[in-house]
Every structure is written in C-alpha cells, then in structure tokens.
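**Q** Model the placement of chain B on the given structure of chain A, informed by the hints.
Number of protein chains: 2
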Amino acid sequence: MYFKNIFTRRRFISSAAGTVAASLLAPRHGQALSGAPGGADTFTPTADWKDEGVIDLSKSPYAKLKTVPIRAVTIQEGFWSARRATNVESSIPSMQRELIAHGRMDNFLRLEGKSSAAQYGPVYSDSDIYKWTEAVGFVLQSEKDPALQHTADTMIREVVAAQEPSGYLNTYYVGDRASQRMLPKTQEMGHELYCIGHLLQAAIAYYRATGDTTLLDAGIRFVDGFLLPNYGPGPDKKPIVAGHPEIEMSLIELYRTTGNRKYLDLAGYILQGDSRIPLKQQQIVYMFCGVPFTSRTKLEGHAVRAMYACCGATDYYLETGDPAYLKTLDTLWTDLYERQMYITGGVGARSQGESFGNDYELPNARAYGESCAAIGNMMWNWRMLAATGDARFADVIERALYNGINSGMSLDGKTYCYRNPLAFDPTGFAGDWHTPPGKIRNPWYDTTCCPPNLERTLASLPGYFYSTSKDGVYVHLYDNSEMRWRLDSGNAIQLTQKTRYPWEGNISLHVAPTVPEVFTVYVRIPGWSKQSTVRVNGDAIRDVTPGRYLPIRRQWAGNDVVEISFDMQAQVIHANPAVAADTGRIALQRGPIVFCMEQLDQADSTPQDFPAFSASPTEKTQSRYEPNLLDGVVVLTHPGAVGPAPSQESLYQASLPGNANARSTSLQLIPYYAWANREPTPMQVWIPYEPS
Amino acid sequence: MYFKNIFTRRRFISSAAGTVAASLLAPRHGQALSGAPGGADTFTPTADWKDEGVIDLSKSPYAKLKTVPIRAVTIQEGFWSARRATNVESSIPSMQRELIAHGRMDNFLRLEGKSSAAQYGPVYSDSDIYKWTEAVGFVLQSEKDPALQHTADTMIREVVAAQEPSGYLNTYYVGDRASQRMLPKTQEMGHELYCIGHLLQAAIAYYRATGDTTLLDAGIRFVDGFLLPNYGPGPDKKPIVAGHPEIEMSLIELYRTTGNRKYLDLAGYILQGDSRIPLKQQQIVYMFCGVPFTSRTKLEGHAVRAMYACCGATDYYLETGDPAYLKTLDTLWTDLYERQMYITGGVGARSQGESFGNDYELPNARAYGESCAAIGNMMWNWRMLAATGDARFADVIERALYNGINSGMSLDGKTYCYRNPLAFDPTGFAGDWHTPPGKIRNPWYDTTCCPPNLERTLASLPGYFYSTSKDGVYVHLYDNSEMRWRLDSGNAIQLTQKTRYPWEGNISLHVAPTVPEVFTVYVRIPGWSKQSTVRVNGDAIRDVTPGRYLPIRRQWAGNDVVEISFDMQAQVIHANPAVAADTGRIALQRGPIVFCMEQLDQADSTPQDFPAFSASPTEKTQSRYEPNLLDGVVVLTHPGAVGPAPSQESLYQASLPGNANARSTSLQLIPYYAWANREPTPMQVWIPYEPS
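Line order of the protein sequences matches chains A and B.
Take the first sequence: its position 514, counted from the start at 1, is 514 in the working numbering, and no numbers get skipped.
Take the second sequence: its position 593, counted from the start at 1, is 593 in the working numbering, and no numbers get skipped.
Next comes chain A alone, as it looks inside the complex (with noise of 0.2 Å):
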C-alpha cells in the first residue's frame, strides 16, 4: 500500500458554546428580502453558481486559463487523498474546537446575548471563523457533509445574527471601541477589512457549495450598506487603507460572483491607495498598501500582507487588463524568485516584523516562513498563471504546496506550523511572539490565521489541478484523479490520472472528450524534471522542455493515453552565493520534494554531533519508500560523514576546515513536509559539505 486512509470518525460540536437555540432557520438562497439592513438586496444565486472555481475567471476577460470548479474535479486515492482526509477527518472538526473553546464564537454570541463571555482574541479573530467556514465551503464543494454542513450552518447563522442594522459586523470594534470603528489609526491596524474580505471568501465559498447566500448576504450588506456609502473617493466619502491587503482579491471575487462592477472599482481604488490618510514610510513598508502598488518596485515588509497585495492586484489586472499592474506583478515576482524564496516555497525571512528581509537573506534555522506567507505564495502564483499561462508559475505552486504549505499541517491534523523554518534545533528555539519556546507544531495559536489557512488550502486542492483556455486544456498537477468538465467549445472531457506521483514519476493520464475534438492538452513539465518523455498513444513528443507546458495538439477521441514520465533521481541542489547562510551547504530534492535530515534518523548519533555531519556531493543518492513511516515517504540515503561532536572548547580554531577524525556514514532523508511528527529533535534542510 503506498497511502494510507485515515478513518478517523468525525465529531464536530453542534452548538457553539452550547447555547445555540435549537430550531435553526432553513437555508434562504433564492430569497429576495428587499429592505434588508443597510438597504441592500440579498443576492440571488446566479444560474451557473456551481461552475465557479477557487476563483471564478470564467468572465475574466485578461484570464488566459479559466478555473475548473473544485466539484469537478475528483482527488482518488494518493498523496493528496490522505492529507484531505485528514484534514477533512481530523484537522477541521479539531479546529472547531480549539475556536470555541477559545472564544471565537462567544464573540458573536456576546452581541446577541447569548453569551455572557468577555471578547476574546487579538482584533482579527473574527477571521478565524471565517476562515475555518471557507475550509467547510471548499470541502462541501467536493462532497456532501449534511453534519459539517448543519454545524457550519449554524456557526453561520449565529455570525450574521450579530451583524449591525447599519451593515457593520466585527466583534471587537463593539461597545467601548465602537467610536474607533475604521478611524485611519483602526484600518490600518485594526483589521476590519481583513476580516470583512475574509468573511466575503467564506462566504462565496460556502455559496458556491450550497447554494445558500446567507453569509453571502452578509458580506454584502456590510459592503453596500456600511462601506460603500461612507468609504471611498470623492471628497463626500472617508478614505480607506486595507491596514492588512485581502479585502482587494476578496471585493474582485465579489465582483465576479454578482457582476457588479462597483466592487472591482472599489478594489482598484484601494489598490491604488488614498493619500488623505497619510502614512510613514515604515508602514508603508509593513502594511503593503496605502500607496499606488504600481509603484512597487521590490517585495518588503509584512510577508503575507505583500501576498495577499500581490493575490488582489493580480486579480485586478485579470478583471482589467491594466499593464501597468502587470508590470509591476512581473517586477515583484523576479523579486521573489531570484531573491527572497526558500527552496520551500516559503517566503518571508524575518522573525520581526514577519517580514521579508534583504536581498538573499535567507536564514535557515532563523527562517520565518510563516505558513500563511506559502499559501498566499501559492495563491499568487495561481493568479499569475491564470494570467499568463507560464509554468514558471507553476512550479512555485508545486514548490510551495509540497513543501513549505504541506509542513505547516502535522501529519495527525491536528498540530500547526506557524512558522516553517529550514533548520531547527529544539533547545535552542526560542520561540517568538506568536510560537513557543522549543515547540514547532501547536495545536492553537492566539493568532490562528495559519490553522484554517492550510485546512482551506487543502479543501481547495482539487480546483488547482487543471485548467481550460480558449485552446484546450492544462494540467497543472500530478496525483490520482479524475476531472469531469467542459471544453470551451461547450464539449465534455473526462481527464484521468494514474500515477503514485510524488514518489514515483509515470503518469497515465487518458484524455476522453465525449465528441472527439481538435485541442491542445497541456502537460506541465516540471522545471526540476532534466529528462522527461511524454508519449501519446505510445508516440513520444518531441521537444519536451524542463519548466514549460508542452502542448499537445491534435484530434482527441475518447480513449487516448498520455504517458508521461519524469526525471525523479534524486538532485543536489546548491544555492546562488548570494545567499550567504546556504555557503558550503548543499540540499537533496526529489522530484517535487525537498528533503531535509533530522537527527533522530541518523544511527549512533546524539544531538549535540548534528552540526558535524556533512554530506558528500559529487556521490549519488539512493532512495527508497517506506510504507510504515511517516504514513509513508521516500527515504533518501547519501554518503557523508560525521565528526565527533564540534569542540567544545573554543568557537575558533586556527586550522584547516574539514575534519580529520570524521568517519563515514550514510545521511538519512525524509521528506521536509514530515519533519518533526516525532519526538523533537535536531533539523536541517541545507546539510554542510567536504571535499571528497
């Protein structure tokens, strides 16, 4: 068995802080409520809400591919299945939990007196139920749920029972703090939008699901009744500053959901920034926002906020087409993939601040790498794939996704990362702001943006995998699947893959449109793949390139096979000497996924000798799967050597590096998404290397 199945029951609590009433209202989409509060309509859902992907580009006039709804798409029995089913079984009922017995609930049910708890949590905890409601909508577009759907239900209706007459909804800009509701010095700190942008993406999330607009309704009385009249350009409104960017990709996913336009412009001008509320350079820096992005030239500050920057204004230039974005977008990408990304795919150097850091400072064991810097580094990259067609933004997706998203979630469910560093040591982590000393994976975080940032990443999976263009079809993704779904001729195809991709690298993949039809099917060539095949119907391909999509035109009938094969020798990877913490290391990758070492792996070795292991390059690796470890990985095993522990005498020896009393050794391997799930213990990605 290569995977395996998690058959963990799934217990989600009914009642939030056990005092939901017990009669709950039915689902009201497709009701038109005229005089809601704020003076919005409800939203009627449109005729093809099924059809809407992760992002909906089906309208998206500057979308060269357009998404594949997540229902469409069938994640079989592999690697991706197991982490879903955890995820599915283990980690969102757990998080539910951890929410309510943290108050996140409480905080609505407070306003409607149905709790007598104080307000819990920093000013963006309201997100975090949002958040979680957005996993459950992306798994309810996957499969039915009638539990999960009745409790999120629930959570949903309880949320927008505490929404304001106005349209305002936050529950901790309340009583009190309510004279502070989006004065300059609360948006750019105090999160209202962020949470509201959160809000808006659980709720087309959960719509696009089921169907039912009751947060959707929400969202957008908050927009139309409280935003809009009072926020915006013109000298008659106040001005806006997102303070944290996600309510820009959030208004376009709004816009794109209902049609109506005032919500891509009112993105577009929060894009652009509002001079009236003035900001110090630092912020500028930090907040990633506030001023016009165009005017960007470099990633810096907040890591997350200049994803999530990046995430609205790409999906600005798909609504838009404005060069100028693009450009900017095409700038700041070379800026991260040239200077600022782990071999991860994590982003985001700096402890202070979370933040990136200087050109090539690339820390291992100090990373930041917060999770929800990969996710949004994933997200961007989408975005910016959808827009261009370019593998290269493919890769980063299938670097970041296998590697620095898929660490954050333990293998149980139910432990997170919040920051994802390349090397660790467990006694000396000292922990920081948000993460405790010596202890990587938590359970809860105060600020649990990251927890239901992976579970939602993970429910969205199967809307990743492929993509239609005007052409034909792309395939973005490897792992067992099926996508049922349309061409844009209108003509149905079923794309089926069979691989045990990671570990192995042939893919069948049969190509079945149900009339045969002329169009291109894109195989993405991984741009770590130096040797690849593609054969079709046996035929090879020809001009198979590492780091593009090769098209393959021609008439496609019912039962062709694609057989694809990748290049999964292991690879040393070596790192531009710009970054100076990665001089005289190297790292294994195979395939699509980074290796690192932890100690407890290494025979005869103590924590305290882990820094003198050292690897020798020019030898090869072997590789193996192990069914029983780590619910089951490829091992990698390369030839090294150890010294005897590093002296303890003096921390400079006048002496030739190497060391002479070193003996051989075979350095064990696994996967970086798997480190530490066992006791803890010494890590590291980047080993060091000796002549050999």
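Misleading hints may appear alongside valid ones.
[Stated by the list, open to error] Chain A is faced by these chain B residues, among others (derived, beta-carbon under 10 Å): (1) E338; (2) Y342; (3) D359; (4) D425; (5) T427; (6) I573; (7) V579; (8) Q589; (9) A612; (10) S614; (11) G643; (12) E649; (13) L656.
[Stated by the list, open to error] No farther apart than 30 Å at their CA atoms in a straight line, the calculated lysine-lysine pairs in the DSS-like style are these: (14) K185/B / K185/A; (15) K280/A / K439/B; (16) K64/B / K327/B; (17) K185/B / K237/B.
[As the list claims (entries may be wrong)] Chain B side only, calculated, beta carbon under 7 Å to chain A, not exhaustive: (18) Q352; (19) Q571; (20) P617; (21) P646.
Quick caveat, the hints were computed from the structure, so don't treat them as lab data.
By construction, the Cβ of each residue, glycine as well, lies at the ideal position given by its N, Cα and C atoms.
**A** Okay, now just chain B, sitting in the frame of chain A:
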C-alpha cells in the same frame, strides 16, 4: 615610518550653548563642606588618589592582580598612540560639539534657567555627558591639558548646578515627569540609576585625574542624600531594580574610592534583585537584573546590560570573595567563549533587543555586535583577569580591543559604528532603530552611548597594559610603552617595551627595578601564537605555552632584557561547525588582528560578484605593510578564485556546488578594524572556500 602622527589642533567649545557664566568656581577638592544638599558631606581626597587605576584594586582582597595607575604608563609612538591621538585630537572635541549641538548640555542648563530649549534626547541622555567626561578624566590621567580640563570643569559645574537639594539629579524626570521618578516602571526602563552610575564613573575618573571632587560630591549626594535613605532592603525603604545594569560596578568603585562599605552593600543588594518589584520572565532576560545574579546560567537578553551586570558581579566578587559569584561568572564566561562571541570579540547577535541569540547564533551581515557590548566584554574580562590571573581573559581583552572595539571608531575619529557586523553590503543594509540604512559609521546617534564609550576606552588604555601581584608584575598588552610603578615590596620598577606589534611579533622588554629583587615577570603568550620564543638576556626560557602567562622568576637587576617573539604567520581560522553562519567559510587572522575583504580592494571586481569570491584554504597567505593605506596597515593576500557574478535567474540550481568558470585571483584583506573607512563597499570577514 610605521605610525602616523596626527597634528590636528584640538578645539573645544568652552561654553555650552553660549550661556555659561564667565567666572568659574575653583576646584574644591580637599574642602570639607558639611551641610551639603541631602545631608551628605563632601569627600576629602585620599592621600593616594593618584595611585588608583582604571578600577582601583589596591585594597581588593580577592584581586590576584592589582591595577596600575593610568598615569604610571606611557604609551609611546606606535599602534595605539595614533589611535589615542585621534581620540584626543579629533574624537573627544568633535563629540563635545555634537553633544552640545544636540542639546545634551541644554538639558542641564534649562534646569538652571540658562537655556530655554526643550528637553532633548532619550531618557538616558545625561549619561552621554557623563561618559564623555569620564573619557576626559582618563585623558587627564595621562597628560596635562589645561584647555580640555577647563572645558570639562565648566561642564561639570553646569551639571552639578542642576542637582536638586534632595540630591536627585536627572534632567529627564523633571517637571511633569517628576512624579515618575524611581517608580518601579521608571526604574525598569528609565535609566535613572544607569545615568548616576555613569556620573559616578566619570566623577571617579575625573577625581583620579585632578583630585577635584566636584562631580564626585554630586554623585555621593545622590547616593547618600536621595538613594540610600529611601531605597534599598528593609520594610522602611522602597525596592530597587537596576533596569540597565551599570550602577552596581559604579557603586563598588565608589566603595573603593571612599572606603565606605555601604556602597558595596547596596551594590550587592541590587545584584541580588528585590522581589518586591515583580518582573516578567522576558524582563528578567532582557534587563539581566532583578533576580539573584547567582541564579543566572547563561548570557541572554540585551548584550550591554548582560556585560555590565557581569562587570558589577565580578567587582562584587573581587571585594567579597563570594564563591557563588565566581561560579556563576565562570559559567557565564564559558557560555560567552564557547557559544556567543564573534571572532572580533564582539557580542550580541541580534538587532532585535540588541541581544544575545541562541547558542552558536552568530550571523555575519545581521550581527549586532554593538560597540558598547564589545567594550563591556573587555571590561568584564579585565575584572576576571584581575580575579584569577588567567591569560584566557587577557586573550579576550586583546581580541575585543584590536577588533570589535577598535572598529567602532573611524580612523579620523569623527564617526562611529553602533553595530559592528562581520559582513556588509551598503545597498542591502536596511539599518535599524539606531543606525540609518546603508550607513554603518555615523557622527551622531540619538542614542549616543557608543561614541563616548569608545573614547573612554581608548583614553583609559594605559591602565590595561600591566598589573602587579604579590610576587611580581604582569605584562598583558604589547606596544611601545613605559611603566614607572612599584612592586608589591614598594621597590620602584620601570618596564619598557620596544616593538612594532601588532604588525611584527618581536618585543624587547626592559625590566628595571630600582633595587635588584627576586620577583616574577609574567609574560603573556597569546593563545594565537603557536610558536613563541622568550629569552632573558639571551637565554631561552622553556615551557612557553600559548594562552598562558609565562612566569619568569629570577633576580631582576636594572638592565635585564626580555626578548619575546610571537608567531606572526597569518592563520586560516575555521569556526565550530555549530556556527551555521560560518559553514563553508574561513577567516584570516594574523597576530591579534582579524582581517576582512572589502570589495573595492579586489581587482577587476564589482559589488555584484563579491559573493562569488572564494579562498583556497590550503594555500599560503602573504603579508605586507602598507604605510599609506588606512593610516598604515598590514595587508594580507591569499590565493582564491572568483566566479562570474551569481546567476540572476534562480536561487537554486540542481548541480554540484563550485564554479567551473571561476578564475584564479589573489584575495586582498585589510584589518577588520579599518573597514568602512573609504567609499561604501561590500565587506566580509568570513570568506567562502572551495576545495583546492
């Protein structure tokens, strides 16, 4: 000529802010003014005030070594004379102008009705004046300088005139802020006692220079009149927390100066902490005070605070012999030496909190290495050396002095490093709270702790060259110099060094007691000198061991010559493998001098290809003296290679490390202390190496 003389004329501003009364009070040392403010008497100079050293250990029962007065040692033309001339001719006068221009004297004058300026600078701004005055005090212990003394006298009187009748003296906590005086929160971060500590150190240095007790009386009035009656142990007094350690060592120096044990006891109480001021763990770590010093097990938190606390604790041991202190100090020193110190003697890895990092966390470009922390390191090791006579402490003093301290002041003496990184890129240096982006040397910092700290260190340097002991005399540092002092027997002795140290390794030491006597001359053999020879009147001495004092016990007459020869072969240094930042890198050291590469010295190179330089560690280093470069330095050349500039295309390449297209070159290195004295250019101490 090996050494440059600096003939700049000194110019001082004789009147602060132009408001000083023309007639000044005469010094009043020797006066016995009873009924002074706060009820304290003024101090009558002791008979032997001219015999007191940098710290006065003449009566310290647990000092194995006794300090030699600064005035007893003359540093003659050589390495340090040039730096010390710059200090007196350029640095001290230009810093005085900066202090006055930035209102540091106005703060005092305002309280006397002589300035209408607002309060200037941070809470600790008074200490800037005190540290500068202390520097002047040390200068005046070496040489007469009536103009400088007149300037300092004026400033001292202006300071003292601001003292309140209660004895309280602080220009920040006045007016509306007076109610915050000595509140627990103010003690934690308000630096009142830190400022008084520096006042006491300045007062004592000035007293030891001139016999003038004006400032000393003010310090005693604060302690006797304000502090001791109201604060300290016991239910009738309020508790003290140091906040920023400094008061401890200064109170003990006050004890040494006055013989009044209550100051030692108060220091002991402060070193013990007072649980009536409850502190968070984070504060205990950061402030390095507030809990019993003897409960500490590692260096952590703010590096300067930790170093100053260790100074105070060692002073306490020197007076009391409390073995728990010595045990703790030994534990902390081992932590410093084995896990926390840069090769430059700098300490403090992190900008955030100006703090120590984890074990072995010693980043190069991001190193903090505050000048004050390196000075604190030297001051602490000086005390440990006195307590033990162990040469390992002298090795650290020399390392810090020649490198991480000496780097802190520019060659022209007019600009200063707050932080002292071991790698630098002017375009990538983002700056921090104190240091502006891209500029590592600045004439002024609003927190201007480092500049006068550097000045007092250079001014006091003669006091660090020699010690006496019961059985003889110790030679710690090497430079052309003359000591005229006395042995423990009272027999007068003259020691004379002739050398071109640190550029050459030969020292001729003339030992001339007035009366022939059997005693031991302890000659320090630096840890870095693998092969040393020592001859007395031509006869070789055996058992010369690196990192030890070589004891030469014999009857010394008036014309004995010790010829010392140290190993000046440049050494390739590698770091403990646990220092991840130095993996795959070497450093070069020659004698006590640590070297670095500046890009502008590398032929045919650009800032962009600087990371592509590598050294060939097994090849020989050449050295040559360059009299016209950087005021005269030895330059090292070392075989290496330089590749094309790092690829701008990808951070990560699947290929073996090393650069097949690299061309051979000769790396050019200058002393680290002299870096950043020309146009901005990238720099590194730790150089990547490739297998040769």
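**Q** Are the hints correct? Go through all of them and say.
**A** Results of checking the hints against the structure:
Satisfaction of the interface hint for E338/B is found here, the shortest Cβ-Cβ separation to chain A being roughly 6 Å, below the 10 Å cut-off. Restraint check, Y342/B versus chain A: the minimum CB separation of about 8 Å is within 10 Å; hint holds. The beta carbon of D359/B is positioned within 10 Å of a beta carbon in chain A (closest approach about 6 Å), and the interface hint is therefore held. With 10 Å as the threshold, the beta carbon of D425/B comes within range of chain A, its nearest partner Cβ sitting at about 7 Å, so the hint holds.
A hinted interface residue such as T427/B counts as satisfied when its beta carbon comes closer than 10 Å to some beta carbon of chain A; here the least separation is about 8 Å, so the hint holds. Taking 10 Å as the C-beta contact cut-off toward chain A, the hint placing I573/B at the interface holds, the least distance being around 5 Å. The criterion of a C-beta within 10 Å of any C-beta in chain A is met by V579/B, whose closest approach is roughly 6 Å, and the hint holds. Of the supplied interface hints, the one on Q589/B holds, with its beta-carbon coming within about 7 Å of a beta-carbon of chain A, less than 10 Å.
The criterion of a C-beta within 10 Å of any C-beta in chain A is met by A612/B, whose closest approach is roughly 5 Å, and the hint holds. Annotation: S614/B was flagged as interfacial toward chain A, and the flag holds, the nearest CB pair being 8 Å apart, inside 10 Å. Given hint, G643/B at the interface with chain A, holds; its Cβ is 7 Å from that chain's nearest Cβ, closer than 10 Å. At its closest, the beta carbon of E649/B sits 7 Å from a beta carbon of chain A; the interface hint therefore holds under the 10 Å criterion.
The beta carbon of L656/B comes within 5 Å of a beta carbon in chain A, closer than 10 Å, and the hint placing it at the interface holds. With a C-alpha separation of about 27 Å, the suggested pairing of K185/B with K185/A holds against the 30 Å cut-off. With a CA separation close to 21 Å, the supplied pair K280/A and K439/B stays within the 30 Å bound. For the given pair, K64/B sits about 17 Å from K327/B by alpha-carbon distance, which is consistent with the 30 Å threshold.
Distance restraint check for K185/B and K237/B: the Cα-Cα separation of roughly 17 Å lies within the 30 Å cut-off, and the hinted pair is therefore satisfied. Given the 7 Å rule on beta carbons, the hint for Q352/B holds: about 5 Å separates it from the nearest Cβ of chain A. Checking Q571/B against chain A by beta carbon gives a least distance of about 4 Å; that is within 7 Å, so the hint holds. A least Cβ separation of about 5 Å between P617/B and chain A falls short of the 7 Å threshold, and the interface hint therefore holds.
At a threshold of 7 Å, the smallest CB-CB gap from P646/B to chain A is about 5 Å, leaving the interface hint in force.
Going down the numbered hints, you'll see the structure goes against none, and every one checks out.
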